[in-house]
Amino acid sequence: MEQIGIVSYGGHIPRFRIKAEVIAAVWGKDGPAISRGLGIFEKSVPSVDQDTATISVEAIRAALKRCTINPSEIGAIFVGSESHPYAVKPTGTIVGEAIGATPDLMVADYEFACKAGTAAIQTCFGFVKAGMIEYGVAIGADTSQAAPGDALEYSASAGGAAFIIGKTKVITTINHTLSYTTDTPDFWRRAEMKYPSHGGRFTGEPAYFKHITNCATNLMEKAGTKPQDYTYAIFHQPNGKFPVNVARKLGFSPDQVKQGLMVPYIGNTYSGASMIGLASVLDVAKPGDRIFMTSYGSGAGSDGFDMTVTDQITKLARQKAPTIAQLVADKEYVDYGQYSKMTNLLFWE
Amino acid sequence: MKEGVARFWREIPQRYNFIGNKCGTCDTVFFPPRESCPYCRRKSIGKMKETKLAGKGEVVTYTIIHVGPEDFEEQTPYPIAIIKLEEGPQITAQIVDCPLDEVKIGMKVESTFRKIQQDGHTGAIYYGYKFKKQRQ
Numbered sequence: 004m005e006q007i008g009i010v011s012y013g014g015h016i017p018r019f020r021i022k023a024e025v026i027a028a029v030w031g032k033d034g035p036a037i038s039r040g041l042g043i044f045e046k047s048v049p050s051v052d053q054d055t056a057t058i059s060v061e062a063i064r065a066a067l068k069r070c071t072i073n074p075s076e077i078g079a080i081f082v083g084s085e086s087h088p089y090a091v092k093p094t095g096t097i098v099g100e101a102i103g104a105t106p107d108l109m110v111a112d113y114e115f116a117c118k119a120g121t122a123a124i125q126t127c128f129g130f131v132k133a134g135m136i137e138y139g140v141a142i143g144a145d146t147s148q149a150a151p152g153d154a155l156e157y158s159a160s161a162g163g164a165a166f167i168i169g170k171t172k173v174i175t176t177i178n179h180t181l182s183y184t185t186d187t188p189d190f191w192r193r194a195e196m197k198y199p200s201h202g203g204r205f206t207g208e209p210a211y212f213k214h215i216t217n218c219a220t221n222l223m224e225k226a227g228t229k230p231q232d233y234t235y236a237i238f239h240q241p242n243g244k245f246p247v248n249v250a251r252k253l254g255f256s257p258d259q260v261k262q263g264l265m266v267p268y269i270g271n272t273y274s275g276a277s278m279i280g281l282a283s284v285l286d287v288a289k290p291g292d293r294i295f296m297t298s299y300g301s302g303a304g305s306d307g308f309d310m311t312v313t314d315q316i317t318k319l320a321r322q323k324a325p326t327i328a329q330l331v332a333d334k335e336y337v338d339y340g341q342y343s344k345m346t347n348l349l350f351w352e
Numbered sequence: 003m004k005e006g007v008a009r010f011w012r013e014i015p016q017r018y019n020f021i022g023n024k025c026g027t028c029d030t031v032f033f034p035p036r037e038s039c040p041y042c043r044r045k046s047i048g049k050m051k052e053t054k055l056a057g058k059g060e061v062v063t064y065t066i067i068h069v070g071p072e073d074f075e076e077q078t079p080y081p082i083a084i085i086k087l088e089e090g091p092q093i094t095a096q097i098v099d100c101p102l103d104e105v106k107i108g109m110k111v112e113s114t115f116r117k118i119q120q121d122g123h124t125g126a127i128y129y130g131y132k133f134k135k136q137r138q
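If you read the sequences in order, they're chains P and E. Residue numbers are given in the working numbering: position 22 of the first sequence equals residue 25, and the series is strictly consecutive. Residue numbers are given in the working numbering: position 14 of the second sequence equals residue 16, and the series is strictly consecutive.
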């Protein structure tokens with residue numbers, strides 16, 4: 004049977020961080036209590052010269068360093084984000100040019116809150132399976148926004164990951180993938196608004212938990228698997244609590260979730276969140292490991308993936324690009340004033 | 003429109019991918035590319051070959067900008083360096099992701115993709131290279 008899956012991968016996380024307690028102090032809140040409640044201690048902050056396009060380019064360049072693919076063989080690039088630098092002009096065009104994949108290339112930008120990147124993986128998978136392209140690139144990246152003083156300010160961060168999908172030298176096969184989608188208004192940003200709005204506690208049970216649980220259950224039924232069959236499980240991570248709770252509810256152990264849980268020290272990278280978790284798992288994965296991933300995007304939907312690591316992973320030059328753990332460790336703290344400048348909170352024109 | 007989209011668009015191969023060229027007679031590499039080699043002159047005409055540079059090099063000298071031009075005011079203080087690329091050419095570029103006291107002459111650097119300028123809040127965004135400390 005033809006194997007289709009991930010051929011290479013790479014991630015990028017801006018190196019500036021702000022601690023949750025520093026944000027809390029500005030608004031007169033109890034920092035340690037907020038960190039405990041959310042399971043987030045600090046989050047990444049993009050510098051003034053970083054946006055979704057630059058993060059995407061750094062992530063895919065890391066993926067290309069690890070393999071020997073000629074960028075001209077890439078037939079499609081899909082960039083998933085809710086913070087594309089332009090409202091009209093695809094981020095993928097900038098990415099395609101920056102890696103030398105243009106001009107014989109199909110490009111489209113995706114938006115589906117925090118799951119636009121995994122939707123891009125599914126599209127690439129379909130294109131490769133149909134024989135339309137040799138390799139496709141799926142990117143999930145964001146410089147997510149949060150209104151000053153909003154609960155999201157403790158989590159909305161920046162980062163991304165890129166995956167090259169193909170059918171030769173596959174390091175991880177995608178055995179099954181499916182989605183679960185409904186109209187659930189838990190989080191949104193209206194056109195021309197700077198900051199998103201959300202339904203507070205409504206984002207939990209009827210939104211995140213319902214979609215991930217149903218998607219994950221349907222996927223395991225289709226794949227004929229149970230939680231114990233997987234080495235690693237990755238769930239969308241808007242905070243440190245939700246993914247651990249949904250994992251427990253589904254029957255996964257904290258050990259299965261740990262390697263793919265990056266949110267406590269980088270925050271919620273939105274479209275990058277589950278993708279960075281997957282990249283972190285691939286940094287350490289061994290042949291035969293089975294990986295379960297379920298993303299979640301508000302609005303709302305989940306994409307599920309059942310994957311198996313192949314022997315080919317030992318041949319991928321993983322050391323040629325920084326691991327997610329190295330990116331998380333390379334950091335410099337900023338205060339709330341610097342953070343305001345970097346995230347454009349002070350723009351009043 | 004301060005800089006003009008057409009001018010920036012023409013420079014995309016250089017700004018995104020370090021596309022320079024090489025004299026087919028003496029092998030000297032140029033970045034940005036030149037029409038002819040200033041050393042071989044007419045002998046180089048028609049022999050200039052496009053070449054992609056690796057975007058790696060070392061700091062020859064640097065200065066710290068405390069009063070930046072309009073689009074860079076938010077980034078001050080920041081280092082600007084003359085960088086000697088591995089292939090030979092020297093270029094001027096901004097150093098990022100590096101505390102000011104860690105910038106040193108001879109420091110190995112590699113390129114990173116960043117936003118360089120934008121035409122206000124409604125105009126085009128211009129991307130290109132900046133440099134950061136080389137990964138060990």
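Simulated from the structure, these hints should not be mistaken for laboratory data. From a predicted model like this one, the values you see are computed outputs, not experimental measurements. The reader is advised that the hints may include incorrect statements.
Unchecked claim - Pair by pair, the computed Cβ-Cβ distance ranges are:
no., chain 1, residue 1, chain 2, residue 2, range
1, P, D338, E, G48, 52 to 60 Å
2, E, P34, P, F350, 32 to 40 Å
3, P, Q6, E, R44, 35 to 43 Å
4, E, L102, P, D33, 47 to 55 Å
5, P, F212, E, E104, 40 to 48 Å
6, E, P34, P, N248, 30 to 38 Å
To be verified - Straight-line C-alpha distance at most 30 Å; calculated BS3-like pairs for lysine-lysine:
no., chain 1, residue 1, chain 2, residue 2
7, E, K45, P, K323
8, P, K68, E, K110
9, E, K117, E, K86
10, E, K51, P, K323
11, E, K51, P, K334
12, E, K58, P, K172
13, E, K135, P, K170
14, E, K54, P, K225
15, E, K134, P, K68
16, E, K117, P, K334
17, P, K170, E, K134
18, P, K197, P, K68
19, P, K22, E, K132
20, E, K49, P, K323
Just so you know, even glycine gets a beta-carbon here, dropped at the ideal spot from N, CA and C.
Holds or violated: are the alpha carbons of E:K54 and P:K225 at most 30 Å from each other?
Cα-Cα ~47 Å, so violated.
Using the Cβ atoms, figure out if E:L102 sits within 47 to 55 Å of P:D33.
violated (35 Å)
Cβ separation of P:D338 and E:G48, checked against the hinted range 52 to 60 Å:
holds (58 Å)
I want to verify a distance hint. Is the separation of the beta carbons of P:Q6 and E:R44 within 35 to 43 Å?
Violated, at about 56 Å.
Has the hinted range 40 to 48 Å been met by the Cβ atoms of P:F212 and E:E104?
holds (45 Å)
Holds or violated: P:K68 with E:K110, Cα cutoff 30 Å?
This hinted pair holds, its Cα atoms lying about 19 Å apart.
Between the alpha carbons of E:K49 and P:K323, is the straight-line distance 30 Å or under?
violated (34 Å)
Measure nothing beyond the straight line between the CA atoms of E:K45 and P:K323; if it is 30 Å or shorter, mark the hint as holding.
violated (40 Å)
Are the Cα atoms of E:K135 and P:K170 separated by 30 Å or less?
Roughly 35 Å between the alpha carbons, so the hint for E:K135 and P:K170 is violated.
Are the Cα atoms of P:K170 and E:K134 separated by 30 Å or less?
violated (35 Å)
Given pair status - P:K172, E:K58, alpha carbons within 30 Å:
Answer holds: E:K58 to P:K172 is near 29 Å, not above 30 Å.
Distance restraint between E:K51 and P:K334, which requires alpha-carbon spacing of 30 Å or less
Since the Cα atoms of E:K51 and P:K334 sit roughly 41 Å apart, the hinted pair is violated (cutoff 30 Å).
Comparing the model with each earlier hint shows violations of hints 3, 4, 6, 7, 11, 13, 14, 17, 18 and 20; every other hint is respected.
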